[in-house]
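> In case you want the letters, here they are:
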Amino acid sequence: MNTDTHAAHADGHHHDDGHAHGTFSTYMLGFVLSVVLTAIPFWLVMSGALPSKQITALVIMAFAVVQIVVHMIYFLHMSPKSENGWSMMALIFTIVMVAIALSGSLWVMNHLNSNMMPIHEMTGMK
Amino acid sequence: MTVAVNPTQTGEPVFYLADEHPHPEGYSTSLGFWIYLMSDCLIFAMLFAAFGVLGANYAAGPAPKDLFDLNLVAVNTSMLLLSSITYGFAMLTMQQNKIAQTQMWLLITGLFGVAFISIELTEFAHMIHEGATPQRSAFLSAFFTLVGTHGLHVSCGLIWLVTLMVQVWRFGLIEANRRRLMCLSMFWHFLDVVWIGVFTFVYLLGVLR
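Protein chains in written order, with my numbering: chain A, 11 to 136; chain B, 17 to 225.
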C-alpha cells in the first residue's frame, strides 16, 4: 500500500487516537533524565556514598518514583487529556489498587512475622 | 435507542438503529490496550508484594548480597533503557512514513531486547549453577517468579516485534500496522517502567539489606 492513500485517509477523518505523540526532543529529554535517574541510585548503592543504609534506601526509592513518572510522561505520553482523561482515570484507579495491595500485604505479613513466637523461645519452654 | 421499521416487498420487517454512528476501526484500541496494561500492572504488583513479604526469608541459603552482581544488572538496565529510546525513534520515523528507517529502529530495539534477555538468562543460569534454584528458599521462589515474569513479558514483546516487522515489510505502514506499532510501543515502555521497580526493590535494596 502506498503512503499517499494513507495520508488522504488520515485527512478524511482525523481520528488518530487522541494520543499525544512525542517529538525527538521529548524522547531525548526523557532518555537523558532516566539515564541520570538510573545511574545515581546504582552509584549510591555500589559506592556506599551515604552514611546510613536507611537513608540510601529512601533516596533510591524516591529516585525510582521520579523515574517512573518521567517514563510515564516522556515515553508513555500520559497526560490528563489523553483519551479524554479515561487513561488517567484507569491509571489512578490502578495506583490506588496497587497501593492497597502492596501496603496491605506488607503490613499484615510484617505483623504476622513479628507476632510469631521465635523458635529459640519455643525450645526453651520445653 | 430508536428503532425504525421499514417493510420490504417480502413483508419481512427490517430493523436498524436510527442513531447509529459507526466508529472508525480501532477507535478505542489505545484506551483498551492501556486498560490491559493496567491489569498487567496489577499482576506485577502482586508479585512485588509476594517478593516484599518473602524477600528476606533465605532459609539459611544465599542472600541477595551473595548472588547479585550489580555491574551486570546495570548493563542489563542500560540495554532496556536503550531499547526504549530506539523504540521511540521507530515511532518518530513511523510518523514520517519512513518505512526503511522504522524497520531499522525496530530491529535495533529487538537486538537490545535480545541482549537484555540473554544477560538475564546468563544470570539465572549462573545462580542455578551455584545452587540458588527457585526451590532453595522463599526469597529465591519470589525472585524467580517476579523477574522471570518480567523476562517472559519481554520475550513475548520480542515475538510481537518480529511479527510486526514482517507485517510492515509485507503491507507497509498502513493504518492497522501503525495502530499495532503504537500498542507495542506502550507495552515496551511499560515493561521498562516495571523494570525500574525490579532493579530498585529487588536488586539495589536487596544488596543494601
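Hint data in this document are derived by calculation from the structure and do not stem from the laboratory. Wrong hints could be hidden among the right ones.
Pair ranges (Cβ atoms, derived) [to be verified]:
#, chain 1, residue 1, chain 2, residue 2, range
1, A, SER35, B, PRO29, 55 to 61 angstroms
2, B, ARG225, A, LEU122, 39 to 45 angstroms
3, A, SER113, B, TYR32, 49 to 55 angstroms
4, B, PRO40, A, ALA109, 32 to 38 angstroms
5, B, GLN111, A, MET56, 36 to 42 angstroms
6, B, HIS39, A, ASN120, 28 to 34 angstroms
Simulated coverage check for chain B against chain A, where a stretch passes if three residues somewhere in it have a Cβ under 8 angstroms from a Cβ of chain A [said to hold, decoys possible]:
#, segment
7, 76-84
8, 205-219
Just so you know, even glycine gets a beta-carbon here, dropped at the ideal spot from N, CA and C.
> None of the hints should be skipped; say for each whether it holds.
Hint-by-hint comparison with the structure:
Between A:SER35 and B:PRO29, the C-beta spacing of about 60 angstroms keeps the proposed range 55 to 61 angstroms intact. With their beta carbons about 20 angstroms apart, B:ARG225 and A:LEU122 fall outside the hinted range of 39 to 45 angstroms. Separated by about 52 angstroms at the C-beta atoms, A:SER113 and B:TYR32 satisfy the suggested range of 49 to 55 angstroms. For the pair B:PRO40 and A:ALA109, the beta carbons lie near 37 angstroms from each other, so the given range of 32 to 38 angstroms is met.
Checked against the hint of 36 to 42 angstroms, the C-beta distance between B:GLN111 and A:MET56 comes to roughly 39 angstroms, which is consistent with it. Checked against the hint of 28 to 34 angstroms, the pair B:HIS39 and A:ASN120 fails, with Cβ atoms roughly 49 angstroms apart. Closer than 8 angstroms: that is the beta-carbon criterion, and the segment 76-84 of chain B has 0 residues meeting it against chain A, so the requirement of 3 is violated. Counting residues of the segment 205-219 of chain B whose CB lies closer than 8 angstroms to any CB of chain A gives 9, which reaches the minimum of 3, so the coverage claim holds.
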